[in-house]
Every structure is written in structure tokens, then in C-alpha cells.
Amino acid sequence: MATEIVIINQCSVLSDENVQAVIPAVQAQVSEDFAPIWNADATLQFLGKGQKVPKGIWPLYLMDHSDQPGALGYHVDEHGRIEGKVFAADDQQYGVSWTVDLTHELLEMLGDPTTNTLINLKDGRQCIREVCDAVEDDSVAYMKNGVLVSDFVTPAYFFESNDTKYDFCGHLTGQAPTLTPGGYLGIYDPSTGQWTQVTARLQNGKQSYRSRRHGRTAWHAVHGARHRMGGADHREGRRTHR
1 MATEIVIINQ
11 CSVLSDENVQ
21 AVIPAVQAQV
31 SEDFAPIWNA
41 DATLQFLGKG
51 QKVPKGIWPL
61 YLMDHSDQPG
71 ALGYHVDEHG
81 RIEGKVFAAD
91 DQQYGVSWTV
101 DLTHELLEML
111 GDPTTNTLIN
121 LKDGRQCIRE
131 VCDAVEDDSV
141 AYMKNGVLVS
151 DFVTPAYFFE
161 SNDTKYDFCG
171 HLTGQAPTLT
181 PGGYLGIYDP
191 STGQWTQVTA
201 RLQNGKQSYR
211 SRRHGRTAWH
221 AVHGARHRMG
231 GADHREGRRT
241 HR
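Counting in the numbering used here, the sequence shown runs from 1 upward without gaps.
A hint or two may mislead.
[Stated by the list, open to error] Pairs of lysine to aspartate or glutamate residues, derived as DMTMM-like cross-links and limited to a Cα-Cα distance of at most 25 Å, are as follows: (1) K52 x E83; (2) K52 x E17; (3) K122 x D189; (4) K122 x E83; (5) K52 x D41; (6) K52 x E32; (7) K165 x D138; (8) K55 x E4; (9) K49 x E83; (10) K122 x E160; (11) K52 x D123; (12) K49 x D16; (13) K165 x D33; (14) K52 x D16; (15) K55 x E83; (16) K165 x E32; (17) K49 x D123; (18) K165 x E83; (19) K49 x D64; (20) K122 x D64; (21) K52 x D33; (22) K122 x D163; (23) K165 x D123.
If you're looking for bench data, these hints aren't it; they were derived computationally from the structure.
Modelling step: build the complete structure from the supplied sequences, incorporating the hints.
In C-alpha cells, the structure reads:
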């Protein structure tokens with residue numbers, strides 16, 4: 001059964017027409033590319049300003065500026081409600097694609113809605129099952145029906161498989177914690193009880209803004225946000241770069 005998600009434009013830098021124009025391509029990415037691989041589909045609708053979100057439907061908000069320092073988007077709030085936020089004015093400021101941010105948050109809402117799935121790595125550490133972080137930079141995004149959308153990892157990235165295609169576009173060369181330039185991954189070490197974040201710098205040597213986007217994963221844990229074993233009580237999102 002497909003999850004119902006409404007995309008709500010509350011920002012000043014995009015018109016309703018701008019947002020509505022990309023929804024068919026985003027819907028196509030979800031249903032044609034993502035759902036067959038991850039068995040998680042969604043039906044997308046646009047909701048105008050001031051309209052009430054129907055009960056049981058997940059909202060994905062387009063806003064101007066982050067309400068979390070450094071975050072360009074995230075998809076679980078501090079009360080555990082499933083909702084996405086993308087900050088389009090901040091995207092413009094940092095020179096990154098708002099449609100990549102939008103699809104990043106959307107796919108991660110579908111891939112692990114509550115961010116409570118930890119994956120065991122071969123070295124004994126664990127990572128959160130986030131499907132876009134490792135391949136989140138615009139440089140590895142792809143065009144879907146004329147719209148730039150986020151790449152995403154496949155189950156083979158996290159789980160043992162005969163499949164060696166670790167992401168949809170085929171950029172990754174190995175399983176987690178392998179990254180593409182600009183990617184990042186929150187890592188938990190059970191032996192120390194500590195979270196860290198691994199990042200892959202861009203080809204120009206700079207760190208991706210998005211690898212610094214303080215969402216619901218390792219950054220909050222490292223900086224003292226509460227988290228619980230067996231899951232992760234911190235928000236994730238697409239980060240800014242420097």
C-alpha cells in the first residue's frame with residue numbers, strides 16, 4: 001500500500017507553480033525507480049498554504065530557512081512525528097538543488113520513516129539506514145523526466161547480496177561505509193557508545209555543505225542529543241557544505 005504524502009509550499013522563493021511542476025517527475029522517481037527496489041511507494045499531492053493536512057497523511061514542507069542550525073532538511077521532528085522539511089531559501093544561498101533536497105528527504109521518509117533501524121557493519125560498528133546520505137551530493141544526482149533528483153542506495157549497500165550495484169546510479173564501489181564525494185554516514189560504535197560521522201570530501205577538497213547538515217543522526221548524538229539503543233532518537237537531513 002502506498003504511503004500518502006502531501007507536499008506543502010510555505011517558502012517565498014518558490015511559487016506554487018514551481019513546486020507543482022516537479023511533482024509528476026518526483027512521483028515517477030518514487031514509483032518507477034525507488035519502490036521496485038525498496039518496496040516502499042507513495043502517492044504525492046500538492047497542498048496549498050493554509051490547508052489542513054489530513055489525518056494519517058505525512059506532510060513534506062518547503063520552507064525558507066532552517067529551524068535547525070545548518071540543516072537543509074530533515075524528516076522526523078523532535079516528537080517523533082513523521083514529517084519532512086526542506087529549506088529552499090537556504091538551498092539557494094548555498095547553491096544546491098532544492099529538488100535534490102526534496103527527493104532526498106522524501107526517499108528517506110519512505111526508506112526508514114522513524115530513523116530507528118541500525119545496520120550492523122562488518123567491523124562491528126553500526127550505521128543508520130539512511131538511503132540518500134552516502135550519495136547525497138548534486139554531482140551524483142540524476143535527471144528524472146527533466147528534474148534533478150537525488151541518487152539513493154540499494155539494499156545491497158547495507159546487506160549481504162550477490163548484487164554489486166550499491167546505488168541506483170551505480171556510483172558506489174562498495175558497501176557501507178563506502179561513500180561518493182560529498183556523501184556522509186552516521187556511525188555508532190557499541191564498544192565506546194559513541195557516534196561519529198564519516199564524510200567524503202568533494203573532488204575540489206572541500207567538505208560538502210550537506211555533510212554538515214545537522215539532521216536527526218550522528219551530529220545530534222555526538223553533540224549531546226538524546227538517543228536510545230535499538231534505534232535513533234535524532235533527526236537526519238541533507239546538510240550544508242563549506
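Each hint, compared with the structure:
Annotation: proposed proximity of K52 to E83 holds, straight-line Cα distance about 14 Å (limit 25 Å). Restraint check: the Cα-Cα separation between K52 and E17 comes to about 19 Å, which is no more than 25 Å; the hinted pair holds. For the hint pairing K122 with D189, the CA-to-CA distance comes to about 12 Å; that is within 25 Å, so the pair holds. With a C-alpha separation of about 32 Å, the suggested pair K122 and E83 falls outside the 25 Å cut-off, and the hint is violated.
Restraint check: the Cα-Cα separation between K52 and D41 comes to about 23 Å, which is no more than 25 Å; the hinted pair holds. Of the pairs offered as hints, the one joining K52 and E32 is violated, with about 29 Å between alpha carbons and a cut-off of 25 Å exceeded. The straight-line distance between the Cα atoms of K165 and D138 is roughly 19 Å, inside the 25 Å bound, and the hint therefore holds. Only pairs whose Cα atoms come within 25 Å are accepted, and K55 paired with E4 is accepted, the gap being roughly 10 Å.
Of the pairs offered as hints, the one joining K49 and E83 holds, with about 16 Å between alpha carbons and a cut-off of 25 Å not exceeded. Only pairs whose Cα atoms come within 25 Å are accepted, and K122 paired with E160 is accepted, the gap being roughly 10 Å. At roughly 47 Å between alpha-carbon atoms, K52 and D123 are farther apart than 25 Å, so this suggested pair is violated. Proximity of K49 to D16 is assessed by CA-CA distance (about 9 Å); at most 25 Å being required, the pair is judged to hold.
The straight-line distance between the Cα atoms of K165 and D33 is roughly 14 Å, inside the 25 Å bound, and the hint therefore holds. Restraint check: the Cα-Cα separation between K52 and D16 comes to about 16 Å, which is no more than 25 Å; the hinted pair holds. The suggested pairing of K55 with E83 holds, with an alpha-carbon distance near 12 Å, which does not exceed 25 Å. As the CA atoms of K165 and E32 are separated by approximately 17 Å, the hinted pair is consistent with the 25 Å bound.
Distance restraint check for K49 and D123: the Cα-Cα separation of roughly 48 Å exceeds the 25 Å cut-off, and the hinted pair is therefore not satisfied. Of the pairs offered as hints, the one joining K165 and E83 is violated, with about 30 Å between alpha carbons and a cut-off of 25 Å exceeded. Pair hint K49 plus D64 holds up; C-alpha atoms about 14 Å apart against a cutoff of 25 Å. Between K122 and D64 the CA atoms are separated by roughly 40 Å; this puts the pair beyond 25 Å, and the hint is violated.
Only pairs whose Cα atoms come within 25 Å are accepted, and K52 paired with D33 is rejected, the gap being roughly 30 Å. Restraint check for K122 and D163: satisfied, since their Cα atoms lie roughly 17 Å apart, inside the 25 Å limit. Proximity of K165 to D123 is assessed by CA-CA distance (about 21 Å); at most 25 Å being required, the pair is judged to hold.
Taken one by one, the earlier hints fail for this structure at numbers 4, 6, 11, 17, 18, 20, 21, listed in ascending order.
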